[in-house]
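Trainee: Below are the chains, spelled out letter by letter.
2 protein chains.
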Amino acid sequence: MRRALALAEQAAEMGEVPVGALVVRNGEVIAEAGNRRERDRCATAHAELLAIEQACAAVGSWRLTDCTLYVTLEPCPMCAGTIVNARVGRVVFGCKDARAGAMGSVLNLPSYPLNHRPGVSMGVCEAECREVLQRFFRSRRTK
Amino acid sequence: MRRALALAEQAAEMGEVPVGALVVRNGEVIAEAGNRRERDRCATAHAELLAIEQACAAVGSWRLTDCTLYVTLEPCPMCAGTIVNARVGRVVFGCKDARAGAMGSVLNLPSYPLNHRPGVSMGVCEAECREVLQRFFRSRRTK
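From first to last, the protein sequence lines are chains A and B.
Convert by adding 366 to the 1-based position in the first sequence; the result is the number in the numbering used here.
Convert by adding 366 to the 1-based position in the second sequence; the result is the number in the numbering used here.
The shape of chain A in the complex, shown without the other chains (with noise of 0.2 Å):
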């Protein structure tokens, strides 16, 4: 969580919100990536699910079962619904997002019927994923 939190400092220096994502597969990271929708114009182009894209590319798979997402932010319904398509065994998030949290807060995905269920572990670096994100947003009030 550590280096997510670093991937997370980093989009905030290009002026993206500061989420950082990393997949890990037997003790090795293969994805990772901060949000880069500012950057990209894209909708899609959040930290989880470029991640998660890198991981396939990676595993030469869409299924990633064995594999553990870190992510520094609860993810958003577009992102818990790539780690249920893509099978992600486990996510590990640090911090809720009341607005658009889809683990717990606004609603929870893996709690419906659907393909796969990953595991969720929530809380890591709890205080630090909260602060980099406030950080960013009191220094946009400010400008």
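It should be emphasised that the hints constitute simulated quantities derived from the structure, not laboratory data.
Pulled a few chain A residues facing chain B out of the computed Cβ check, cut under 7 Å:
id, residue
1, R403
2, R407
3, C408
4, A409
5, W428
6, M444
7, G447
8, N451
9, A466
10, L475
11, Y478
12, L480
Which chain B residues face chain A? A few, computed with CB under 7 Å, are given here:
id, residue
13, R407
14, A409
15, S427
16, W428
17, P443
18, M444
19, T448
20, A452
21, V472
22, L473
23, Y478
Treat the numbers as computed from the prediction; the structure is a model and nothing was measured.
C-beta atoms are modelled at their ideal positions from N, C-alpha and C, and glycine is treated no differently.
Chain B: place on chain A using the hints.
Mentor: Quick look at chain B alone, frame taken from chain A:
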């Protein structure tokens, strides 16, 4: 929707679950795609997501407020979440998806208090959209 059906048929010929999607803006088709999940070995390569990414590139923005997405099958949670994130104004889909549909079947994403609530119409060319899927799965079972 006839064009979306043709894209679905093309996907079937490539061994993909036949789903086709396109994005229309000011009466003009600005993006179109069929499902490519198997060929791309990528969990995010659904027709809707690919069409939305193309549309963002065409418009030069992650906001597709004045666009309509046509898709043969009810969007899954990932694609419904992408529709919300991209602020797609309106979605028209053909037939329901009882296994993974996120616009009324398994869940109804537009009913949650998220950033955006697209207009949704369903049932356009419903029988044809269902038939292309049924034919694909029938031919798979007999192989």
